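Peer 1: Given the coordinates of chain A, assemble chain B onto it according to the supplied hints.
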Amino acid sequence: MTDPLENGSSMNRREFMIRAAKAAATVAASGYIVYRFRDEEGPSAVETRPHYSFRSFAVPGTESRMSIVTGANRRRALNAALDAIGGMENFIKPGDRVLLKVNAAFALPPILAATSHPDLVSELVKLCTAAGATRVVVTDHPINDARACFNLTGIARAAEEAGAQVVIPRQDDFLPFSLEGGRLISNWPVLARPFEGITKVIGVAPVKDHHRSGASMTLKNWYGLLGGRRNVFHQEIHEIIRELALMIKPTLVILDGTESMMRNGPTGGSLSDLKPTHTMIASTDPVAADAFGATLLGRRLSDLPYITKAAISGAGTANFELLSPKRINMNG
Amino acid sequence: MSLLVLTALLSFSFWLYHRQSRIPPIVAELDGSAPQSAPRATPAHAAAARLIRLAPEGFAVMSPPEHFDADDLYEKINGRAELYLPAGFTGLDCIRFSSRRESEAWFEIFIYDMAAPLRAFSVYSAQRREDAVPSDITDFAYATDNALYFAHGRYYVEMIGTTSSDALRTAMLDCAQRFIADTTEHAGRVEELTLFPPEHLVPDSVVLLISDGFGFDLFDYLFTAMYELNDTTVQAFLTARASPGEAVALAAAYCEFLIDNGGVFEDFSVGIPGARMYNLFGTYELVFSSGKIVAGVHEADSPEAAAKTASALHRRMTRKRP
Numbered sequence: 001m002t003d004p005l006e007n008g009s010s011m012n013r014r015e016f017m018i019r020a021a022k023a024a025a026t027v028a029a030s031g032y033i034v035y036r037f038r039d040e041e042g043p044s045a046v047e048t049r050p051h052y053s054f055r056s057f058a059v060p061g062t063e064s065r066m067s068i069v070t071g072a073n074r075r076r077a078l079n080a081a082l083d084a085i086g087g088m089e090n091f092i093k094p095g096d097r098v099l100l101k102v103n104a105a106f107a108l109p110p111i112l113a114a115t116s117h118p119d120l121v122s123e124l125v126k127l128c129t130a131a132g133a134t135r136v137v138v139t140d141h142p143i144n145d146a147r148a149c150f151n152l153t154g155i156a157r158a159a160e161e162a163g164a165q166v167v168i169p170r171q172d173d174f175l176p177f178s179l180e181g182g183r184l185i186s187n188w189p190v191l192a193r194p195f196e197g198i199t200k201v202i203g204v205a206p207v208k209d210h211h212r213s214g215a216s217m218t219l220k221n222w223y224g225l226l227g228g229r230r231n232v233f234h235q236e237i238h239e240i241i242r243e244l245a246l247m248i249k250p251t252l253v254i255l256d257g258t259e260s261m262m263r264n265g266p267t268g269g270s271l272s273d274l275k276p277t278h279t280m281i282a283s284t285d286p287v288a289a290d291a292f293g294a295t296l297l298g299r300r301l302s303d304l305p306y307i308t309k310a311a312i313s314g315a316g317t318a319n320f321e322l323l324s325p326k327r328i329n330m331n332g
Numbered sequence: 001m002s003l004l005v006l007t008a009l010l011s012f013s014f015w016l017y018h019r020q021s022r023i024p025p026i027v028a029e030l031d032g033s034a035p036q037s038a039p040r041a042t043p044a045h046a047a048a049a050r051l052i053r054l055a056p057e058g059f060a061v062m063s064p065p066e067h068f069d070a071d072d073l074y075e076k077i078n079g080r081a082e083l084y085l086p087a088g089f090t091g092l093d094c095i096r097f098s099s100r101r102e103s104e105a106w107f108e109i110f111i112y113d114m115a116a117p118l119r120a121f122s123v124y125s126a127q128r129r130e131d132a133v134p135s136d137i138t139d140f141a142y143a144t145d146n147a148l149y150f151a152h153g154r155y156y157v158e159m160i161g162t163t164s165s166d167a168l169r170t171a172m173l174d175c176a177q178r179f180i181a182d183t184t185e186h187a188g189r190v191e192e193l194t195l196f197p198p199e200h201l202v203p204d205s206v207v208l209l210i211s212d213g214f215g216f217d218l219f220d221y222l223f224t225a226m227y228e229l230n231d232t233t234v235q236a237f238l239t240a241r242a243s244p245g246e247a248v249a250l251a252a253a254y255c256e257f258l259i260d261n262g263g264v265f266e267d268f269s270v271g272i273p274g275a276r277m278y279n280l281f282g283t284y285e286l287v288f289s290s291g292k293i294v295a296g297v298h299e300a301d302s303p304e305a306a307a308k309t310a311s312a313l314h315r316r317m318t319r320k321r322p
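The listed protein sequences derive, respectively, from chains A and B.
Residue numbering for the first sequence is 1 to 332, as defined by the working numbering.
Residue numbering for the second sequence is 1 to 322, as defined by the working numbering.
One or more of the hints may lead you astray.
Lysine to aspartate or glutamate pairs mimicking DMTMM-like chemistry, simulated, CA-CA at most 25 Å apart [what the hints assert, rightly or not]: (1) A:K93 to B:E191; (2) B:K292 to B:E130; (3) A:K275 to B:D145; (4) A:K275 to B:D220; (5) A:K275 to B:E192; (6) A:K275 to B:D204.
Hints in this document: simulated from the structure, not taken from any laboratory.
All figures in this text were calculated on a predicted structure; none of them were measured in a lab.
Isolated chain A (complex conformation) (with noise of 0.2 Å):
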């Protein structure tokens, strides 16, 4: 091998030197640039979003409150078990700003109850009107095909026709909360936006066998808050409802039992999952409105863990006759 300084190249030792101090300089300021672009935390969407908190939507006074009605039609159970409790005037003042929570989780027609059903829906939008409030939305989020889960389930017409507003979540609606004392509720996507300038929050939601969690009523109804990959919580699906009962203090919850899904749940799909039990929960407490719903489904508390544990960490009582819920038989 020949030595190019030796062996009388153009190149010469002062030559040498300078190019070797560029290409030194030139490694220098590379390294500089990588190391500007080095991010030792990663990549985070949600440092960046302001974190949302929920404020309580409770009205002072109407605490522990419970109507039980037997009934089969659902807008004369609506209005008897809201009437029982101090009528929704007692709830939505003049000038309020209402979100119906619903629940519009799939794209199945209303008749398999699977969904909040359309009627409930348009009465509780015209109750909430009719009492003053100068705006009702209507929202959740089904994570597949959202415009068909509320169109498919009636709830948008419903909704529409009564004068609601229905909000079928984008991207920029979700914002990252942190329950105080929540380990799965930490740094997780909500649904906040529809929730700006709501000054009352009602939540409605049907009985239903649930899967993996043996039940769905109000309290699981929150999770159609929930954004990001949810499916994570399925495995811890009783803390999960647990955190839900504690993220979300509502005005009230209606729990539909007209048509309770008893089996297959939360789709169903046939009319033989569904057995009729007639029966319209108006409550304050969502924790005593899911134990009395449990009644329903022939289930007891041991069957549905999340209601004793949302009792136990103060988001409301499973043993619902402490509330001496009042009793309307429509029937008779």
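Peer 2: Same frame as chain A, now just chain B:
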């Protein structure tokens, strides 16, 4: 030389930038990189065309075909995905058809590919509606007022309708026949079903548990069946192993499992070689092996009911053994 170094470093910089620009899946939905609630990606062209061909007479495609795999099945059926995933689910194809005459009358077909006939039978049997009407569309099929359910080869199929009209039921049957004609699958015969004695058997009560039968992790492919004896109901079970030796070992392991969970040996004459009975907090468990089969009775109300059911099961298994 310096140009080479510069090029290499710039390439590295771009690679690093690209890597750090990628957003993890959980955050992706929040960040707007993925659609929040758009319809799923359609299946491959051929699969989509096959779904569209299933449209029955007088019905039109109402919504585009959809396809889901194990990662996103929950998006379609939420918590119910947990029933299909452990049973070997590989894919779900869906499409809706609506009546040309009556727009409110529509149905959706759900085609679950479970990869193997026994796995399809498992999810079929686990969800069978008690008050359904048997259908002869396949060996494993039934209809309810608004729906049709069947297993065919490796597929488990559901058709869910919006009404209980005759026209819709006829359309679903038409669609089912098109599906069966369009697949190369053959109706799978489940040999274990013939081992359950037919006397006192509750119709359509046989269920196949793919894994963790009765909470025992070694009980996979466990068949259970309900029997009505006078005023009590008894559950019989059986599972096949590769060899008689494995069956003996599994029966012994199940006995250990029962003892570990509070079972107390019950000295009761059953008349089946090697059979053992345990009292488990007031209910009776009985287990034995015969050839390659482990069988027994689960949660019987009395030792007599357990023994009677097990004896009938043993006799049937002995007769059926080749």
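Peer 1: Evaluate each hint against the coordinates.
Peer 2: Hints, one by one, checked against the model:
1. Taking the CA atoms of K93 (chain A) and E191 (chain B), the gap is about 67 Å. The hint is violated against a cut of 25 Å.
2. Of the supplied pair hints, the one linking K292 (chain B) and E130 (chain B) is violated, its CA atoms being roughly 31 Å apart against a limit of 25 Å.
3. Of the pairs offered as hints, the one joining K275 (chain A) and D145 (chain B) holds, with about 14 Å between alpha carbons and a cut-off of 25 Å not exceeded.
4. Between the alpha carbons of K275 (chain A) and D220 (chain B) the distance comes to roughly 33 Å, so the proposed pair goes past 25 Å and is violated.
5. The hinted pair formed by K275 (chain A) and E192 (chain B) fails the criterion: a straight-line CA distance of about 34 Å is larger than 25 Å.
6. The straight-line distance between the Cα atoms of K275 (chain A) and D204 (chain B) is roughly 21 Å, inside the 25 Å bound, and the hint therefore holds.
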